[in-house]
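Produce the complete structure using the sequences and hints provided.
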Amino acid sequence: MLVAEAFILVVAGVAAGFINVIAGGGSLLSIPALMWVGLDGASANGTNRLGVLIQSVASTARFAKTEVHSFKESGLLALALLPGGLIGAYWGTLIEGVWFNRLLASVMLFVLVTMDMESHPNQSPQNSADKTRLKNPAVVYSLTGLIGFYGGVIHIGIGLLIMAVLTRVGGLNLKYTNMHKMIMVIPYTLFAIIIFSCYHEIAWVAGLILAVGASVGGWLGAKIAVEKSEKRIRMIFQACIAAMIINLLFFSTI
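For what it's worth, the numbering used here labels the leading residue of the sequence shown as 21, then goes sequentially.
Hints in this document: simulated from the structure, not taken from any laboratory.
Careful: at least some of the hints might be erroneous.
Derived Cβ-Cβ restraints for the label pairs, each shown as a range [stated by the list, open to error]:
no., residue 1, residue 2, range
1, Ile214, Asn156, 24 to 34 Å
2, Phe27, Cys218, 25 to 35 Å
3, Asp60, Leu22, 11 to 21 Å
4, Leu114, Asn156, 28 to 38 Å
5, Gly58, Glu87, 42 to 52 Å
6, Pro52, Ala262, 16 to 26 Å
Pairs of lysine-lysine, DSS-like flavour, derived with a Cα cap of 25 Å [what the hints assert, rightly or not]:
no., residue 1, residue 2
7, Lys85, Lys151
8, Lys243, Lys92
9, Lys243, Lys151
Just so you know, these numbers come straight off a predicted model, no measurement behind them.
Glycine included, every Cβ here is placed at the ideal spot set by N, Cα and C.
Quick look at the structure:
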């Protein structure tokens, strides 16, 4: 691999890792970067999971050093995500391309609007409730299982869907949502890598180079997610989603 190609993957990894922690959709940068250096769509889809795994571990390590964690709840959410993720990963090895850009952009736009509504709550007692504990767990776990299948097929945008469920249905604030999101994707991503590798869809050298950048971006994203205010995180989150929508509608060729 050329030095220039490795540099592209590291930079894309840093950006994708950061965006994935704060919002989601970072794979919209990392997968095109992998294709830019010569991988086909299926291989890029599988190889991208290496960066996702490493960035998730790095960001989890950062969260673990703070008070923003609830590992038991994260574990239960990870288990809910896993079955659908395994089935979806198998289907992901069978497809050459996915025509989903406009649908995914619509999902992102929905999340952007609903998160903006959440930033203007009224002052009722209900809105002053503890937002570090999951509400409606049965519904959240059911929806998480469906999200797992989508994420197994192609990881792009799964973070946005998880955030929508955990904030809108689960009633969590963004700090705890980001923490749960990064922990719960670790098991399903690990198994997805195994499944993709069985079908020879992993370019290990490119994936590990991408993962180096993703680990840095994931650590930085977790640092901001913990240290910045809810309002600042929300602004960064909304900016990331807006950028992903524009990319999907006007520039993406995935």
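Going through the hints against the structure:
no. : hint                         : in the structure
1   : Ile214 to Asn156: 24 to 34 Å : holds, 32 Å
2   : Phe27 to Cys218: 25 to 35 Å  : holds, 31 Å
3   : Asp60 to Leu22: 11 to 21 Å   : holds, 18 Å
4   : Leu114 to Asn156: 28 to 38 Å : holds, 34 Å
5   : Gly58 to Glu87: 42 to 52 Å   : holds, 44 Å
6   : Pro52 to Ala262: 16 to 26 Å  : holds, 18 Å
7   : Lys85 to Lys151              : holds, 20 Å
8   : Lys243 to Lys92              : holds, 22 Å
9   : Lys243 to Lys151             : holds, 20 Å
Of the numbered hints listed earlier, not one is contradicted by the structure.
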